[in-house]
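Student: Chain by chain, the residues run as shown.
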Amino acid sequence: MNEHKETEIIIIGSGPCGLFAVFQFGLIKLRCRVIDVLPEAGGQCSTIYPKKPIYDIPGYPKILAGKLIKNLEKQIKPFQPIMSLGEKVLTINKKRNKKIEIKTNKNNKYIAKSVVIAGGLGCFDPRKPKIKNIEKYENDKIDYFVTEPEKYKNKKIIISGGGDSALDWAIFFAEKNYCKNLTLIHRSEKFRGHLDSVGKILKLNKQNKINIILNSEVTGITNNSLTINGKKKLNYDFWIPLFGLAPKLGPIANWGLTLEKNKIKVRNSDYRTSQHGIYAIGDINTYKGKLNLILCGFHEAALVAQSAYKYIKPDKKLILKYTTVSGVNKF
Amino acid sequence: MIKITIIDQDNKEHKLELQANCGLNLMEVCKTNDIDVEGVCGGMALCATCHCHVESNHDLEPKQEAEIAMLNQCFNINKKSRLACQIPVSEKIDGLTIRLVGDN
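Chains A and C are the protein sequences, given in the same order. Following the numbering used here, the numbering of the first sequence begins with 2 at its first residue and continues without gaps. Following the numbering used here, the numbering of the second sequence begins with 3 at its first residue and continues without gaps.
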């Protein structure tokens, strides 16, 4: 096993609670790896409401969710967490010698002494059009995220969707004349993205850099063509449906932990799950009196660091040190 | 007091009596009455976990831009689709019936 792949702590989820847990573990000198299914850190704050103001973070009369994440990233930097982003945790298995092994969808194996699940709402999965046999084409012909734009060079590309993500990528490809043929299909009359994006896409359409088909949906798929509104067929190389992300509990349900209403049940004295060494904090957990607030997740992060420390080093006494006295000593 | 009916995703009918001025929206009404709804974004019209179909004939407040944009990204929508979090409790919704359909 590569030494780099072993840390004392693995945190699953990079939302505000997961990130703040890195800070709390850092103060007691435990190194963390943070794994998140999304390609950027921040969980709901980055994915669902980055531009929304939050008013109940102590010390901040008002802060944008995206800005809160940026601040947390800065705050945890001294503790050099290893960020494994864009990776989905598939399994958690306890091994001998108090070690826990995590396997991900990228075929990586990571080892830690303790795991903290800060999984928020679970995984964010792309909304998938309801089309018969769609799953048959998901590996080779459909991309729900744009991760490798170069593969679309000189290809026939069809993008579906009318929100910011669909517009941003359509503009990106159209402005660069990137594809052999580029079509944007939107199910209604009007686009709902940012006004300047809407203006840009209509201009690119006038310049014949992109075809736009409104009031239409893809209703069928074969290897070579997409059916539009049950009639017209369009040839394509890749189809990129961009209808946003929806939260799903995902693999968490199969980790052998006691659940209650799709949340991980924990003891509220130490946030331990039904398994020793595995903890859960933030929106993913439940206990009597639970409040789903970022503020409460921060509190849980501070306590879980103490709990995991006691689990990893049962013989050592942990003395609480204040940052006003000892500062932040980076790794 | 007003009366409304909420049909959950297991097809179970919940008949509720509410104060017209309780200050809640229908997603919050579900949560306070233990009717299964995720309400992930907390009522910002930024997720569709409280997506519902309005089954009665009520003249509701028109959708705001954020609600239209969110429903535009969903499947299983029809002309009666709304986000429960965007329907405030008021005298206007007396006798309303909604069916929760969720996201996807």
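Watch out, some of these pointers could steer you wrong.
Unchecked claim - DSS-like cross-link-like pairs, simulated, lysine-lysine; straight-line CA separation at most 27 Å:
(1) C:Lys81 <-> A:Lys232
(2) C:Lys65 <-> A:Lys264
(3) A:Lys129 <-> C:Lys17
(4) A:Lys131 <-> C:Lys14
(5) A:Lys289 <-> C:Lys33
(6) C:Lys14 <-> A:Lys262
(7) C:Lys5 <-> A:Lys191
(8) C:Lys33 <-> A:Lys53
(9) C:Lys82 <-> A:Lys232
(10) C:Lys81 <-> A:Lys133
(11) C:Lys81 <-> A:Lys131
(12) A:Lys233 <-> A:Lys133
(13) C:Lys14 <-> A:Lys249
(14) C:Lys33 <-> A:Lys249
(15) A:Lys68 <-> A:Lys52
(16) A:Lys104 <-> A:Lys114
(17) A:Lys30 <-> A:Lys311
(18) C:Lys65 <-> A:Lys262
(19) C:Lys65 <-> A:Lys52
(20) C:Lys81 <-> A:Lys262
(21) A:Lys249 <-> C:Lys82
(22) A:Lys131 <-> C:Lys17
(23) A:Lys204 <-> A:Lys152
(24) C:Lys14 <-> A:Lys53
(25) C:Lys65 <-> A:Lys129
(26) A:Lys233 <-> C:Lys17
(27) A:Lys191 <-> C:Lys81
(28) C:Lys33 <-> A:Lys191
(29) C:Lys82 <-> A:Lys129
(30) C:Lys65 <-> A:Lys131
(31) C:Lys33 <-> A:Lys52
(32) A:Lys331 <-> A:Lys100
(33) A:Lys249 <-> C:Lys94
(34) A:Lys133 <-> C:Lys5
(35) C:Lys17 <-> A:Lys266
(36) C:Lys33 <-> A:Lys291
(37) A:Lys129 <-> A:Lys232
(38) A:Lys201 <-> C:Lys65
(39) A:Lys264 <-> C:Lys14
Keep in mind the hints are simulated off the structure, nothing from the lab.
Student: Now, for every hint given, state plainly whether the structure supports it.
Tutor: The hints, checked one at a time:
1. With a C-alpha separation of about 23 Å, the suggested pairing of C:Lys81 with A:Lys232 holds against the 27 Å cut-off.
2. Of the pairs offered as hints, the one joining C:Lys65 and A:Lys264 is violated, with about 32 Å between alpha carbons and a cut-off of 27 Å exceeded.
3. Between A:Lys129 and C:Lys17, the direct Cα distance comes to roughly 33 Å. Violation of the 27 Å bound is thereby established for this hinted pair.
4. Between the alpha carbons of A:Lys131 and C:Lys14 the distance comes to roughly 25 Å, so the proposed pair stays at or under 27 Å and holds.
5. Distance check on the hinted pair: A:Lys289 and C:Lys33 sit about 16 Å apart at the alpha-carbon level, within 27 Å; holds.
6. For the suggested pair C:Lys14 and A:Lys262, the alpha carbons sit about 17 Å apart, so the restraint of at most 27 Å is met.
7. The straight-line distance between the Cα atoms of C:Lys5 and A:Lys191 is roughly 36 Å, outside the 27 Å bound, and the hint therefore fails.
8. Restraint check for C:Lys33 and A:Lys53: satisfied, since their Cα atoms lie roughly 23 Å apart, inside the 27 Å limit.
9. For the given pair, C:Lys82 sits about 26 Å from A:Lys232 by alpha-carbon distance, which is consistent with the 27 Å threshold.
10. Distance hint between C:Lys81 and A:Lys133 is fulfilled; the C-alpha atoms sit about 23 Å from each other, no more than 27 Å.
11. At roughly 18 Å between alpha-carbon atoms, C:Lys81 and A:Lys131 fall within 27 Å of each other, so this suggested pair holds.
12. At roughly 17 Å between alpha-carbon atoms, A:Lys233 and A:Lys133 fall within 27 Å of each other, so this suggested pair holds.
13. For the proposed pair C:Lys14 and A:Lys249, the alpha carbon gap of about 23 Å is at most 27 Å, so the pair holds.
14. Distance restraint check for C:Lys33 and A:Lys249: the Cα-Cα separation of roughly 19 Å lies within the 27 Å cut-off, and the hinted pair is therefore satisfied.
15. For the hint pairing A:Lys68 with A:Lys52, the CA-to-CA distance comes to about 8 Å; that is within 27 Å, so the pair holds.
16. Distance check on the hinted pair: A:Lys104 and A:Lys114 sit about 15 Å apart at the alpha-carbon level, within 27 Å; holds.
17. Restraint check: the Cα-Cα separation between A:Lys30 and A:Lys311 comes to about 13 Å, which is no more than 27 Å; the hinted pair holds.
18. Only pairs whose Cα atoms come within 27 Å are accepted, and C:Lys65 paired with A:Lys262 is rejected, the gap being roughly 31 Å.
19. As the CA atoms of C:Lys65 and A:Lys52 are separated by approximately 21 Å, the hinted pair is consistent with the 27 Å bound.
20. Restraint check for C:Lys81 and A:Lys262: the C-alpha separation of about 31 Å exceeds 27 Å, so the hint is violated.
21. As the CA atoms of A:Lys249 and C:Lys82 are separated by approximately 25 Å, the hinted pair is consistent with the 27 Å bound.
22. The suggested pairing of A:Lys131 with C:Lys17 is violated, with an alpha-carbon distance near 32 Å, which exceeds 27 Å.
23. In summary, the hint linking A:Lys204 to A:Lys152 is supported, as the alpha carbons are separated by about 25 Å, within the 27 Å threshold.
24. Note on C:Lys14 and A:Lys53: the hinted pairing is violated, with a Cα-Cα distance of about 35 Å set against a maximum of 27 Å.
25. Note on C:Lys65 and A:Lys129: the hinted pairing holds, with a Cα-Cα distance of about 24 Å set against a maximum of 27 Å.
26. Proposed proximity of A:Lys233 and C:Lys17 is contradicted: the alpha carbons are some 46 Å apart, above 27 Å.
27. Simply put, A:Lys191 and C:Lys81 have alpha-carbon atoms about 16 Å apart, close enough for the 27 Å limit, and the pair holds.
28. Of the pairs offered as hints, the one joining C:Lys33 and A:Lys191 is violated, with about 33 Å between alpha carbons and a cut-off of 27 Å exceeded.
29. With a C-alpha separation of about 21 Å, the suggested pair C:Lys82 and A:Lys129 falls inside the 27 Å cut-off, and the hint holds.
30. A distance of roughly 25 Å separates the Cα atoms of C:Lys65 and A:Lys131; the hinted pair therefore holds under the 27 Å criterion.
31. For the hint linking C:Lys33 to A:Lys52, the alpha-carbon distance of about 26 Å falls within 27 Å, and the restraint holds.
32. Pair hint A:Lys331 plus A:Lys100 holds up; C-alpha atoms about 25 Å apart against a cutoff of 27 Å.
33. At most 27 Å may separate the alpha-carbon atoms for a hinted pair to count; A:Lys249 and C:Lys94 exceed this at roughly 34 Å.
34. Distance hint between A:Lys133 and C:Lys5 is unfulfilled; the C-alpha atoms sit about 40 Å from each other, more than 27 Å.
35. Distance check on the hinted pair: C:Lys17 and A:Lys266 sit about 30 Å apart at the alpha-carbon level, beyond 27 Å; violated.
36. For a cut-off of 27 Å, the pair hint linking C:Lys33 to A:Lys291 stands: about 14 Å separates their Cα positions.
37. Distance check on the hinted pair: A:Lys129 and A:Lys232 sit about 21 Å apart at the alpha-carbon level, within 27 Å; holds.
38. For the suggested pair A:Lys201 and C:Lys65, the alpha carbons sit about 26 Å apart, so the restraint of at most 27 Å is met.
39. At most 27 Å may separate the alpha-carbon atoms for a hinted pair to count; A:Lys264 and C:Lys14 meet this at roughly 22 Å.
In the structure shown, a violation is registered for the earlier hints numbered 2, 3, 7, 18, 20, 22, 24, 26, 28, 33, 34 and 35, in ascending order.
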